[in-house]
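*Asks:* Here are the chains, one letter per residue:
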Amino acid sequence: MSALRRWRAVARESLAIALAQPVASLVTIVMVAGMCATVLLTTGRTVGAEQAVLGSIDSAGTRSIVVRAEPDSGLDTGVLDRIANIGGIQWAGAFSDATDARNSAFAGGTRVPVRLAWGDSLGALGVSAHPALPDTSAYASSQALQQLGMPGDVGGLVATTGADYAVVGKIAVPDYLQFLEPLVVVPQARTAESKPIGVLVVIADRPDLVTPIAAAVLSVLAVDDPTKVKVSTSESLATLRGLVKGQLGSFGRNLVIVIFGLTALLVAAILYGLVMLRRKDFGRRRALGASQGLIVALLLSQVAGLSAIGATAGSIAAAIGLASGGDPLPGLDFFVAVSVLAVAVGMIAAVLPALVAAKRDPLRELRVP
Amino acid sequence: MLKPGGGQVVVEGESAAQLNDRRRAQLRAERFGFVFQDAALDATRTVLDNIVETALYRGQPREPAVRRANELMAQFGVELRSSAKPGQVSGGQAQRIALCRALLNDPRIVLADEPTGNLDPSSAGVVVDALRAQARSGAAVIVVTHEPTLVATCDRKIEL
Chain A
1 MSALRRWRAV ARESLAIALA QPVASLVTIV MVAGMCATVL LTTGRTVGAE QAVLGSIDSA
61 GTRSIVVRAE PDSGLDTGVL DRIANIGGIQ WAGAFSDATD ARNSAFAGGT RVPVRLAWGD
121 SLGALGVSAH PALPDTSAYA SSQALQQLGM PGDVGGLVAT TGADYAVVGK IAVPDYLQFL
181 EPLVVVPQAR TAESKPIGVL VVIADRPDLV TPIAAAVLSV LAVDDPTKVK VSTSESLATL
241 RGLVKGQLGS FGRNLVIVIF GLTALLVAAI LYGLVMLRRK DFGRRRALGA SQGLIVALLL
301 SQVAGLSAIG ATAGSIAAAI GLASGGDPLP GLDFFVAVSV LAVAVGMIAA VLPALVAAKR
361 DPLRELRVP
Chain B
1 MLKPGGGQVV VEGESAAQLN DRRRAQLRAE RFGFVFQDAA LDATRTVLDN IVETALYRGQ
61 PREPAVRRAN ELMAQFGVEL RSSAKPGQVS GGQAQRIALC RALLNDPRIV LADEPTGNLD
121 PSSAGVVVDA LRAQARSGAA VIVVTHEPTL VATCDRKIEL
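Residue numbers (this note's numbering), protein chains in the order written: chain A, 1 to 369; chain B, 1 to 160.
Check before you lean on any hint, since a few could be wrong.
[As the list claims (entries may be wrong)] Here are the computed distance ranges between Cβ atoms for each label pair:
hint, chain 1, residue 1, chain 2, residue 2, range
1, B, 43, A, 361, 15 to 23 Å
2, B, 10, A, 348, 39 to 47 Å
3, B, 106, A, 321, 43 to 51 Å
To be clear, the hints were calculated from the coordinates, so they are not data collected in a lab.
Note that CB positions come from ideal geometry on N, CA and C, so glycine has one too.
All chains, full assembly: derive it from the sequences and hints.
*Replies:* The following block contains the structure:
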């Protein structure tokens, strides 16, 4: 018999044993379901709240590094090439100093700041990589369009320098560029000649990378006068984020350990009692040719199956409970992790009773009346 | 079932003392047939499940084991519903079911502990005939019994 067929035979026998002991099977399922539901309704709720809090902190830009440079500082677009070699950066963009511009359709309109922009990541803002009018196509935020009086998201701009730009679309301004609002950007093609920039924005992959990436970015700025450059990072927010995550995470972990530990003890106690009640059954199986390994496999696969049913039922019940109470759900990965952990805890709890069952002396057990 | 505490137990050329648990279990499942005094059936499982139980221990597929079980049940007159449980059969039928289980693998060695102890003469006759037939096929049938009629059918007798 192939290994697969043998495992199927063991699974079939385990299922038959579980069905033959409906009360014990039901108790095991209820225990594991209760364990999962308790963890999800307590720690799961905490995790959901934690994710919501962290999401709020993240939306405030915990991963941003902003470099502001005075016009004669010497900071130019060449820095983009240098920071391209730094790992852990999700987004980077360079902006020129702002030039005021107004709607060219009428005189005396509100002026908004226009910035030339460079960087391979500009596409993430909704900017076309190949605009119809290279170097003069502008993209404006909702706020800028409103101030310019361009309800159709298109129109002409005339800058105080005399330069003309064509607004060809609207961009969604991410949290980390909110400080540039009202924002109008004019994407520029990179040329061999470096152009001066006034603002460099770098977004790290993770909050904990902000500090090392800020240090790396500073080291490659290559400015003429460092005193004319100001760097601001979200390091304090990132630290706060770490504290929030650490404290809530620690609370959740301790609770999970306690709940899983208690349930493991209860499952082990139930199974041990079951083994004692069925010792004649195990003795008969051993006498008829079941190896110790097979007895252990039968019990463990039985518990694995029952635990999986219990974990699924408990997770579904907890999800319904959380959703009906309006609480944030902790995410599918958390549900899956708790379920897998519940099955693992059930199986670990079953190991000792399974070994006891496998070690029963068949000669003695068969004498049990 | 257990490692010998002294002396030597040799089964088909293999010393039982030298075998690990897995190999000893394999020997029991493949070479031995057991008939216990009280039948020792699993009351929670069907009669058919009880008979084919040892197929799992031998790693034998269930389908041929079920076919063989049906043949044995017909031979020993225990043709019951497949869903029947041991609690629904008589003592004589239970012992014949146990005999079906013991002979499922056509064992080379049969160990029977008071196989006719609780049976009426008719059922006892069926069991004795089956054990004799197995012995005639070349198997070693070892019986522990207090029944003079069964003793009389044995080729060798050892009194304790």
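*Asks:* Hints first: check each against the structure and report whether it holds.
*Replies:* Hints, one by one, checked against the model:
1. B:43 / A:361: 15 to 23 Å: Cβ of residue 43 of chain B to Cβ of residue 361 of chain A: about 22 Å, so the range 15 to 23 Å holds.
2. B:10 / A:348: 39 to 47 Å: 41 Å, holds
3. B:106 / A:321: 43 to 51 Å: 58 Å, violated
Going down the numbered hints, you'll see the structure goes against just number 3.
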